[in-house]
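A.B. asks: Protein sequences, first through last, are from chains U and L. For the first sequence, the residue numbers in the numbering used here are 1 to 250. For the second sequence, the residue numbers in the numbering used here are 1001 to 1250.
Don't take every hint at face value.
[Claimed, not checked] Straight-line C-alpha distance at most 35 Å; calculated DSBU-like pairs for lysine-lysine:
| id | chain 1 | residue 1 | chain 2 | residue 2 |
| --- | --- | --- | --- | --- |
| 1 | L | K1181 | U | K181 |
| 2 | L | K1181 | L | K1138 |
| 3 | U | K39 | L | K1181 |
| 4 | L | K1084 | U | K211 |
| 5 | U | K72 | L | K1169 |
[Said to hold, decoys possible] A few chain L positions that, by computed beta-carbon distances, are all more than 12 Å from chain U:
| id | residue |
| --- | --- |
| 6 | V1036 |
| 7 | W1067 |
| 8 | G1085 |
| 9 | R1101 |
| 10 | S1103 |
| 11 | V1134 |
| 12 | D1151 |
| 13 | V1177 |
| 14 | R1178 |
[Said to hold, decoys possible] With beta-carbon atoms standing in for the labels, derived distance ranges:
| id | chain 1 | residue 1 | chain 2 | residue 2 | range |
| --- | --- | --- | --- | --- | --- |
| 15 | L | T1209 | U | H73 | 17 to 23 Å |
| 16 | L | S1182 | U | H45 | 31 to 37 Å |
| 17 | U | V36 | L | V1231 | 27 to 33 Å |
| 18 | U | D135 | L | H1099 | 39 to 45 Å |
| 19 | U | R93 | L | R1159 | 50 to 56 Å |
| 20 | L | N1024 | U | D135 | 39 to 45 Å |
| 21 | U | K39 | L | N1024 | 36 to 42 Å |
| 22 | U | A213 | L | D1064 | 47 to 53 Å |
| 23 | U | D175 | L | R1159 | 50 to 56 Å |
Worth flagging that the hints you see were computed from the coordinates, not collected in a lab. Cβ coordinates follow ideal geometry from the N, Cα and C atoms, glycine included.
There are 2 protein chains.
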Amino acid sequence: MRWKCMVAFDGTDFFGWQSQAGGNTVQDYIERRLEVVFKQPVRIHGCSRTDSGVHAAGLVFHFDADWSHPVKHLLRALRVGLPKGILITAVRRVPDTFHARYSTTGKRYIYRLYEGWASPFESRFTYSLENRKVDTNKMKQAAMCLVGRHDFTAFAADRGDESREDPVKELRRLDVVRRGKSVRIIFEGSGFLYKMARSIAGALIDVGTGKLAPDHIRTILESRVRTALVVTAPAQGLTLDKVFYGDGEE
Amino acid sequence: MRWKCMVAFDGTDFFGWQSQAGGNTVQDYIERRLEVVFKQPVRIHGCSRTDSGVHAAGLVFHFDADWSHPVKHLLRALRVGLPKGILITAVRRVPDTFHARYSTTGKRYIYRLYEGWASPFESRFTYSLENRKVDTNKMKQAAMCLVGRHDFTAFAADRGDESREDPVKELRRLDVVRRGKSVRIIFEGSGFLYKMARSIAGALIDVGTGKLAPDHIRTILESRVRTALVVTAPAQGLTLDKVFYGDGEE
Chain U
1 MRWKCMVAFD GTDFFGWQSQ AGGNTVQDYI ERRLEVVFKQ PVRIHGCSRT
51 DSGVHAAGLV FHFDADWSHP VKHLLRALRV GLPKGILITA VRRVPDTFHA
101 RYSTTGKRYI YRLYEGWASP FESRFTYSLE NRKVDTNKMK QAAMCLVGRH
151 DFTAFAADRG DESREDPVKE LRRLDVVRRG KSVRIIFEGS GFLYKMARSI
201 AGALIDVGTG KLAPDHIRTI LESRVRTALV VTAPAQGLTL DKVFYGDGEE
Chain L
1001 MRWKCMVAFD GTDFFGWQSQ AGGNTVQDYI ERRLEVVFKQ PVRIHGCSRT
1051 DSGVHAAGLV FHFDADWSHP VKHLLRALRV GLPKGILITA VRRVPDTFHA
1101 RYSTTGKRYI YRLYEGWASP FESRFTYSLE NRKVDTNKMK QAAMCLVGRH
1151 DFTAFAADRG DESREDPVKE LRRLDVVRRG KSVRIIFEGS GFLYKMARSI
1201 AGALIDVGTG KLAPDHIRTI LESRVRTALV VTAPAQGLTL DKVFYGDGEE
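Could you build the full structure based on these sequences and the hints that come with them?
C.D. replies: This is how it looks when you write it as structure tokens:
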């Protein structure tokens, strides 16, 4: 039986999603919990990796295991025994053809900024600009150049491994939304290259503060070369908000 | 010169407000920072102590020190060098007659509950009821018995020291506000006995879940004896929201 799960986590204290030797990753904690619940090792497959310090409101993963009790008992069993910063928000049975990574049709990320010092209730999930301010109209203007189907190499980082991912992605939505001193950058796209959301956020922040001209974003995009002009924004501001699947599979 | 400061903090990782030997308290961190800024020890006076794990959005303290530069430079100097969970939100000069503790006219606390499992973005500041639900109408009915001027001994804990505080306090407001699965209990009063807000929150939660009848709250109050009937709600749900001062001194 295949199970689809949603998980929310505060990434501050974890070394990202993907399992690694130290064991302090979200995947490691969930797999250790599943091993207790199912009394055997269970491998989970996430929709994507997240970097150290990045958060998730609705990351999706799947696993295969037999469970003959009610589903809500499985949900409860998966909720207890995990660190406080990780919460399984949903679990349900899916066809064996479902794959958390390969079945996705898109993802939504949100990058949170604050003009000033974010309160301790927000600061774990927000990048505080301290004394800097941003012109969100300029950021919106720059964002328009990026929406659509493009080679995003100039806004990605090399993973340092052998992965050769297609650098052409469709960015369906790139909104800059201000509410008082809080600014959210909302990304929706078919897929995201390594550090792509944080690189676009970094470039838009530099446009907002006046370090880069809005028109320059198009030039950078078309160069298809990552340079020091594009700064990767800090991980703490980024949250993987939602993962989309076809056929109403959300 | 006397300075009035406001501070917000996430109490999760501190041993409360008041200075103690281990040094991991909010007061200790702020005093160490002030010593660096003023190059001499500076003693601060808080409006009240908060327990380990309790948060603050607007705790007020004062201190005396000479500062000849612009006030905004003092604010900036106090913002850097503090742990991430502590943020000085305001500083201003006040008359020497101002005292953070003795000049207060009232305080507001908020206790946050969640019917279910609060998300990792809220869970540090919320008490999750997990599978329990609360009837907020019953909670409101019970709250009405507590508003006014009463001896609150039945909803307080012994500090275990020699302090003999007047147990008669005026509770000016005790509201229960639901928004979806989130419930806030809002307290405003002249002053609060040790663990009084958390004890009232614990009793109201037990009324909400049906463990205590709403009418029973009045009987407990009038007994003026603290018994095991009143359970102290967990610290993580409580935030000192605002401190009031006379003469528009907020």
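A.B. asks: Could you run down the list of hints and mark each one as holding or not?
C.D. replies: Evaluation of the provided hints:
| no. | hint | verdict |
| --- | --- | --- |
| 1 | L:K1181 to U:K181 | holds (27 Å) |
| 2 | L:K1181 to L:K1138 | holds (16 Å) |
| 3 | U:K39 to L:K1181 | holds (34 Å) |
| 4 | L:K1084 to U:K211 | holds (27 Å) |
| 5 | U:K72 to L:K1169 | violated (46 Å) |
| 6 | V1036 | holds (18 Å) |
| 7 | W1067 | holds (19 Å) |
| 8 | G1085 | violated (5 Å) |
| 9 | R1101 | holds (22 Å) |
| 10 | S1103 | holds (25 Å) |
| 11 | V1134 | holds (19 Å) |
| 12 | D1151 | holds (34 Å) |
| 13 | V1177 | holds (18 Å) |
| 14 | R1178 | holds (20 Å) |
| 15 | L:T1209 to U:H73: 17 to 23 Å | holds (22 Å) |
| 16 | L:S1182 to U:H45: 31 to 37 Å | holds (33 Å) |
| 17 | U:V36 to L:V1231: 27 to 33 Å | holds (30 Å) |
| 18 | U:D135 to L:H1099: 39 to 45 Å | holds (44 Å) |
| 19 | U:R93 to L:R1159: 50 to 56 Å | holds (54 Å) |
| 20 | L:N1024 to U:D135: 39 to 45 Å | holds (41 Å) |
| 21 | U:K39 to L:N1024: 36 to 42 Å | holds (40 Å) |
| 22 | U:A213 to L:D1064: 47 to 53 Å | holds (49 Å) |
| 23 | U:D175 to L:R1159: 50 to 56 Å | holds (52 Å) |
Taken one by one, the earlier hints fail for this structure at numbers 5, 8, listed in ascending order.
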